[in-house]
Amino acid sequence: GAGVSQSPSNKVTEKGKDVELRCDPISGHTALYWYRQSLGQGLEFLIYFQGNSAPDKSGLPSDRFSAERTGGSVSTLTIQRTQQEDSAVYLCASSLTGPEAFFGQGTRLTVV
Amino acid sequence: AQSVTQLGSHVSVSEGALVLLRCNYSSSVPPYLFWYVQYPNQGLQLLLKYTTGATLVKGINGFEAEFKKSETSFHLTKPSAHMSDAAEYFCAVSDLRGGSNYKLTFGKGTLLTVNP
Numbered sequence: 482g483a484g485v486s487q488s489p490s491n492k493v494t495e496k497g498k499d500v501e502l503r504c505d506p507i508s509g510h511t512a513l514y515w516y517r518q519s520l521g522q523g524l525e526f527l528i529y530f531q532g533n534s535a536p537d538k539s540g541l542p543s544d545r546f547s548a549e550r551t552g553g554s555v556s557t558l559t560i561q562r563t564q565q566e567d568s569a570v571y572l573c574a575s576s577l578t579g580p581e582a583f584f585g586q587g588t589r590l591t592v593v
Numbered sequence: 049a050q051s052v053t054q055l056g057s058h059v060s061v062s063e064g065a066l067v068l069l070r071c072n073y074s075s076s077v078p079p080y081l082f083w084y085v086q087y088p089n090q091g092l093q094l095l096l097k098y099t100t101g102a103t104l105v106k107g108i109n110g111f112e113a114e115f116k117k118s119e120t121s122f123h124l125t126k127p128s129a130h131m132s133d134a135a136e137y138f139c140a141v142s143d144l145r146g147g148s149n150y151k152l153t154f155g156k157g158t159l160l161t162v163n164p
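As given, the protein sequences belong to chains A and B, one line each in that order. Each residue of the first sequence is one higher than the last, beginning at 482 in our numbering. Each residue of the second sequence is one higher than the last, beginning at 49 in our numbering.
Hints in this document: simulated from the structure, not taken from any laboratory. Treat each hint with caution, since some may be false.
Stated by the list, open to error - Pair by pair, the computed Cβ-Cβ distance ranges are:
(1) A/ASP544 with B/LYS106: 40 to 46 angstroms
(2) B/GLU63 with A/THR559: 42 to 48 angstroms
(3) A/SER543 with B/ILE108: 33 to 39 angstroms
(4) A/THR591 with B/PRO127: 37 to 43 angstroms
(5) B/LYS156 with A/GLY484: 24 to 30 angstroms
Said to hold, decoys possible - Pairs of lysine to aspartate or glutamate, EDC-like flavour, derived with a Cα cap of 20 angstroms:
(6) B/LYS97 with A/GLU581
(7) A/LYS496 with A/ASP537
(8) B/LYS106 with B/GLU136
(9) A/LYS538 with B/ASP143
(10) B/LYS156 with A/GLU525
(11) B/LYS106 with A/GLU581
Here the structure is a predicted model, which means the values were calculated and not measured. Yeah, the Cβ is synthetic: ideal placement off N, Cα and C, and Gly gets one too.
So here's chain B without its partners, still in its complex pose:
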C-alpha cells in the first residue's frame, strides 16, 4: 500500500526566509507525486506535480520540489516566504496500478505560518 509522511505538522518561518516542507512516500511502483495547498475554508489547489521526466519540478507561486527516488522524498521549497503563503500544504501520491484510477493518498498536512 502507498503511504505519505509529512514531517512537521506545523512549520513557522519569517517573511523572506526559505520554506522547506518535507514529504516522504512509499510506493512499490513508480509514483506520481503532488503538492496541494489549502487556504481556510477552500478546496485543494494543485501547486505542482511530478509524473515523469525532469526530477526538479516548478510550480505556481515560486514553489518547486525535487523527486529523489533514492531517498523516496519529494520536499517542497520556496526561496523566500511571503505572507500570502500561509496555508496548509498536502503531499500526495498516486500510481497507475488501478488503470486510469489516479486516486490520491495524502499526507497529514503541514500548516505553514509566516511571521512578519
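For reference, chain A alone in the conformation it holds in the complex:
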C-alpha cells in the first residue's frame, strides 16, 4: 500500500479481554515501531522491530503486552487481560533506513 495501515481504527473491549492490533508497514520497510499515545503519558515508545526480530522491547509497560512480526512485514500488538489504563491510541510507524519514520492513522483502544 501507499502508507502504513493499521486495523482496526477503533476498538472497544471489555476489561479483562485480550485484543490484537494490526500494522501493515510500507512495503520494503525493514524497521517497524509501535508507540502509544495517551492523555496522561503523551507519546511513548513501546517496541522496535528490525525484520522479524525485536531487539528493543524496553517500552512495553507490562508482560500483558507482546508483539510479533512475520515475513518482515505485518506486525501484531497483543494486549492480554486489558485494563482501563490501556485505553489509548496505538500508533505504528515504519522506515526503510535512517531516522525518517512514517506513521499510520492509529488504533483507538477503549477499555470499558
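Position chain B relative to chain A; hints supplied.
Below, chain B alone, put in the same frame as chain A:
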C-alpha cells in the same frame, strides 16, 4: 536519557501572524531532531527533520526550524499562520546509540490554534 521539552502546551495566534513553537532537548550524543504535526483523529505527519548538515531546515507547508546546539533548541517557525495550520505539533529526538534503532522520544505536544 534523552528528553524533549516543549514550552507551551497551547499557543494561539491570529491568521497571518508569526508562528513560533519552542522545543528544547537533551541528548548526550548528536541528536536527530524532528517536528511532527497531528490533525484530529489522524496519525503523525513529518513536517521536517534535522540529521546532519545545514542547521536551518525547511519543511512542508512553509515551516522551518533551526538547530542550535549551544542552546539545545530546535524551535519551529512559520512567518504567516494559516487557518489550516491549526493542529497539534510534536517535537521529537532520536539518536544512533541503538544501532539502526531510531526510536523517537517525544515532547508533550503544543496545540496551535489560529484565530481569524
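*Which of the numbered hints above does this structure break?*
7
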